[in-house]
Amino acid sequence: MLDDKIRNDFPFFKNNQLIYLDNAATTQKPQIVIDRMADDYTNHSFNVHRSNYMAAQRTTDAYEKVRTTVSDFIGSPSAKSIVFTKSTTDGINIVANGYFAHQLQPGDEIVVAISEHHSNLLPWQRLTEKCDAHLRYIELNEHGQLDVQQAQKVINDHTKLVAVAAVSNVLGNLNPIEQLAKIAHQHNAEILIDAAQWVPDMPVNISAFNPDWLVFSGHKMLAPTGIGVLYGKPDLLEKIEPTAVGGDMVTSVDRNHFKAQPIPIRLEAGTPNVMGVLGLGAALDYLNTLDMHMVQKRCQFLGQFMYDKLSALDGVVVYGNPIRDTGIVTFNVEGVHAHDVASALDLRGIAVRAGYHCAEPLMQALHTNATVRASAYFYNTQDEISQLVKAVKATKEFFTSYGH
Amino acid sequence: MDINEIYQRTIMDYAVRLKNKPLLNGQDTYQISLENPTCGDKLILSVQIKSGLVHVIAYQADGCVIFKAATAIMEKVCLKHSVTEINHLENQFSQMMMQQEIDNPKALGDAIALQAIVKLPVRIKCAMLPWKAMYQVLNEGEVDGR
Ligand SMILES: Cc1ncc(COP(=O)(O)O)c(C=O)c1O
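As you go down the protein sequences, you meet chains A and B in turn. If you're matching positions, the first sequence starts at 1 in this note's numbering and goes up one per residue. If you're matching positions, the second sequence starts at 1 in this note's numbering and goes up one per residue.
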């Protein structure tokens, strides 16, 4: 079992008093990632896949080794399926603009959940509009979970893609993605999983349900910003028309034509984010030593504790299913705007996020225009959550005293 | 920093008392709708200009305390002033929020209380929104409310 001592791995907490509960936005970095990146910057700053002296080859090997580490981390059958991107957003846009833009016909349908992050909504909105296709929504049921029965009706033979988050960045619950994948595949539709909030929090084994596409970001799981992962089935990756072409992704070029490299390199034009990839590798190695089952247990425990304590407060509305899967908890204090709650907490040294959380359609479905989100990662402590709960209570009392 | 340094009594009082007023229509009325995309403060502002003065101000304001207080104060400070005067006030208010010297703080009336928000930079946009809306509705003549 992970305990509070795990914090000692993170220098941020030695240097700062902040109670950091905005981990769904991005995470702090453990010393081991910082050290390995410092070493890579110091001793291994070479370009990959081009320079053919031994030192550069070692960097290329390290880079390619991370591809395997990522592949194993999510239970992908082959490292060929792993494309390094900038981020979740980047990965989804590559699939939308490099693949579905060439596949989609008028009248086709793409299905998303009402709770999608804008990253997994806007590319599909724009694409369906451009192609005269339709965008359909999976709604929430009365427990604030994706409604599988309704999904069964929305997904049909016109559906070409179901694009859903495994874990909503607002509601924090694990969605029934295995069931959705089954339904999608029954209709010969593909399924894309936005795993930005999933891969950081629990063990992931995609061979269990065989999604066609899966995307996530390194920075939400202890790695640096600017590095993300796109998983795609190899035969589908083959069909992507690279959204960027240029150096590194070709085998030969003449005056008029070029011959592209095999996947996945073909999809990584130009000098990639080498240091980002190596940093991601360091983060995954660290998470592997902790064991993702333990990470999940700890996140779930902290999330459940937070949910229970906050919902016990008078005048606090907590969203989503009462059984928690992750450390994310979203709430509102009745009569007080989410931004005022967040500022009041900020003034007490607690960092949470307030607003739409890049999920405006969900806010409309929840009949609110903003919420407060506190998101714990495994390095947070129960004591920090208790301080949050106390501060929320005090905040409510402060604003209520003015007749709010 | 203590919460009372930001959420001062003046600010709280204005925010609590803010009442949305039915938007105007008819001759010489102008309307604009603005929001802060990151937080969801929303303002629909309509004004009527008569003989060069802002004669009536009405709005639908939905958002946080700082935004609501700023809206109510802006109304009070701007009412019955000319476009030129209001442009100057808007400029002074912006200067104040950017921690610059201003020539006549008194003219800003209770808007001076919002200077406290400078200490909480992430919220400056909330205080600026109504002023920005007023400036735009007067100068860019967005939508004629008729
Ligand atoms: C569910 C979900 N999808 C997508 C994203 C976008 O991730 P990024 O900004 O790293 O591209 C996020 C992050 O906020 C997220 O939580």
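In case anyone wonders, no lab produced these hints; they're calculated from the structure. Bear in mind the structure is a predicted one, so any value in this text is a computation, not a measurement. Every residue, glycine too, gets a C-beta built ideally from N, C-alpha and C. Certain hints may be false.
[Claimed, not checked] Derived DSSO-like pairs (lysine-lysine); straight-line CA-CA distance at most 27 Å:
| hint | chain 1 | residue 1 | chain 2 | residue 2 |
| --- | --- | --- | --- | --- |
| 1 | A | Lys-233 | A | Lys-86 |
| 2 | A | Lys-393 | B | Lys-119 |
| 3 | A | Lys-65 | A | Lys-86 |
| 4 | B | Lys-76 | B | Lys-119 |
| 5 | B | Lys-119 | A | Lys-390 |
| 6 | B | Lys-76 | A | Lys-14 |
[As the list claims (entries may be wrong)] Some chain B residues near chain A, calculated using beta-carbon distances under 10 Å:
| hint | residue |
| --- | --- |
| 7 | Asn-4 |
| 8 | Arg-9 |
| 9 | Met-12 |
| 10 | Pro-37 |
| 11 | Thr-38 |
| 12 | Cys-39 |
| 13 | Lys-42 |
| 14 | Asp-62 |
| 15 | Gly-63 |
| 16 | Asp-103 |
| 17 | Ala-107 |
| 18 | Leu-120 |
| 19 | Cys-126 |
| 20 | Tyr-135 |
Checklist entry - Does the interface hint hold: is Asp-62/B within less than 10 Å of chain A, judged Cβ to Cβ? => result holds (7 Å)
Item to check | Status of the hint placing Asn-4/B at chain A (closest C-beta pair under 10 Å) | outcome: holds (9 Å)
Checklist entry - With a cut-off of 10 Å, does the beta carbon of Tyr-135/B approach a beta carbon of chain A closely enough for the hint to hold? => result Hint on Tyr-135/B: violated, closest Cβ of chain A at ~22 Å, above 10 Å.
Checklist entry - Regarding the hint that Leu-120/B lies at the interface with chain A, is the smallest CB-CB distance below 10 Å? => result holds (6 Å)
Checklist entry - Are the Cα positions of Lys-233/A and Lys-86/A separated by 27 Å at most? => result Holds, because 19 Å separates the two Cα atoms, which is no more than 27 Å.
Next on the checklist: Can you confirm whether the C-alpha distance between Lys-119/B and Lys-390/A stays at or below 27 Å?
Outcome noted: holds (24 Å)
Next on the checklist: Run the distance test for Lys-76/B versus Lys-14/A: straight-line Cα separation, threshold 27 Å.
Outcome noted: violated (48 Å)
Item to check | Satisfaction of hint between Lys-119/B and Lys-393/A, Cα-Cα up to 27 Å | outcome: Judged against 27 Å, a Cα distance of about 24 Å means the pair holds.
Next on the checklist: Take the shortest C-beta to C-beta distance between Asp-103/B and chain A; is it under 10 Å?
Outcome noted: violated (30 Å)
Item to check | Given hint Lys-119/B paired with Lys-76/B - CA-CA distance at most 27 Å | outcome: Status holds; Cα separation ~24 Å.
Checklist entry - Is Lys-65/A within 27 Å of Lys-86/A, Cα to Cα? => result At roughly 18 Å apart (the allowed maximum being 27 Å), Lys-86/A and Lys-65/A satisfy the hint.
Next on the checklist: For the restraint on Met-12/B, tell me whether the closest CB of chain A is nearer than 10 Å.
Outcome noted: holds (4 Å)
Of the numbered hints listed earlier, those contradicted by the structure are 6, 16, 17, 20.
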